[in-house]
Structure formats: C-alpha cells, structure tokens
Amino acid sequence: MEDKAKQAELKLKDYQRFIAALLILSCYLYMGAVINTYISPSSDGVILLYLSLTSVVSGIILYFQKYRIERELENER
149 MEDKAKQAEL
159 KLKDYQRFIA
169 ALLILSCYLY
179 MGAVINTYIS
189 PSSDGVILLY
199 LSLTSVVSGI
209 ILYFQKYRIE
219 RELENER
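Residue numbers for the sequence shown follow the numbering used here, beginning at 149 and rising by one.
Warning: the hint list may mix true and false statements.
[Said to hold, decoys possible] Result set (BS3-like, lysine-lysine): computed pairs, CA atoms no more than 30 angstroms apart in a straight line:
hint: 1; residue 1: Lys154; residue 2: Lys214
hint: 2; residue 1: Lys159; residue 2: Lys214
hint: 3; residue 1: Lys214; residue 2: Lys161
hint: 4; residue 1: Lys152; residue 2: Lys214
What the hints contain is simulated information worked out from the structure, not anything from laboratory work.
Source: prediction; values computed, not measured.
Please construct the entire structure, taking both the sequences and the accompanying hints into account.
This is the structure:
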C-alpha cells in the first residue's frame, strides 16, 4: 500500500509539472497569435489561437485528474 501511495504522489508531481508547462506553452502560443493577427497581420494567428485553446483544455483535464488523485490520497490517509 505504501508503494502505491508513493507512486500516486510521484504521478501528482508529474501532473503539476505538465500543467505548468502547458500553461506556459499556451501563453506563448496566445502571444504569437496576437502578434500574427494584430501586429503583423497574417492568417497563421488563427491556428496559433486554436493550439493555445487546445493547450489550455489539456491543462484543465490534467488538473481534474490531479484533483482526483489528491482526493484518493486524502481518503487513504
């Protein structure tokens, strides 16, 4: 049981890192979309905006999975 809890905690830390990386990536993609759309107009801004949105949605999904693991760990203690 102890090994399973330790693996869950490691998975929790990995999820936190992935969520942070996805948020940083989505910020860069959004800034790129704004630059491509408004500052130097081109048609690539829409693609970057969709990629940014996809990154944010992936981060939200990972956050809910992280939350589920946290609840399981609290129930075991």
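Okay, the hints, checked on the actual structure:
Annotation: proposed proximity of Lys154 to Lys214 holds, straight-line Cα distance about 14 angstroms (limit 30 angstroms). A C-alpha spacing of about 8 angstroms is found between Lys159 and Lys214, which places the hinted pair at or below 30 angstroms, so the restraint holds. Simply put, Lys214 and Lys161 have alpha-carbon atoms about 9 angstroms apart, close enough for the 30 angstroms limit, and the pair holds. Note on Lys152 and Lys214: the hinted pairing holds, with a Cα-Cα distance of about 16 angstroms set against a maximum of 30 angstroms.
Consistency note: the structure conflicts with none of the earlier hints.
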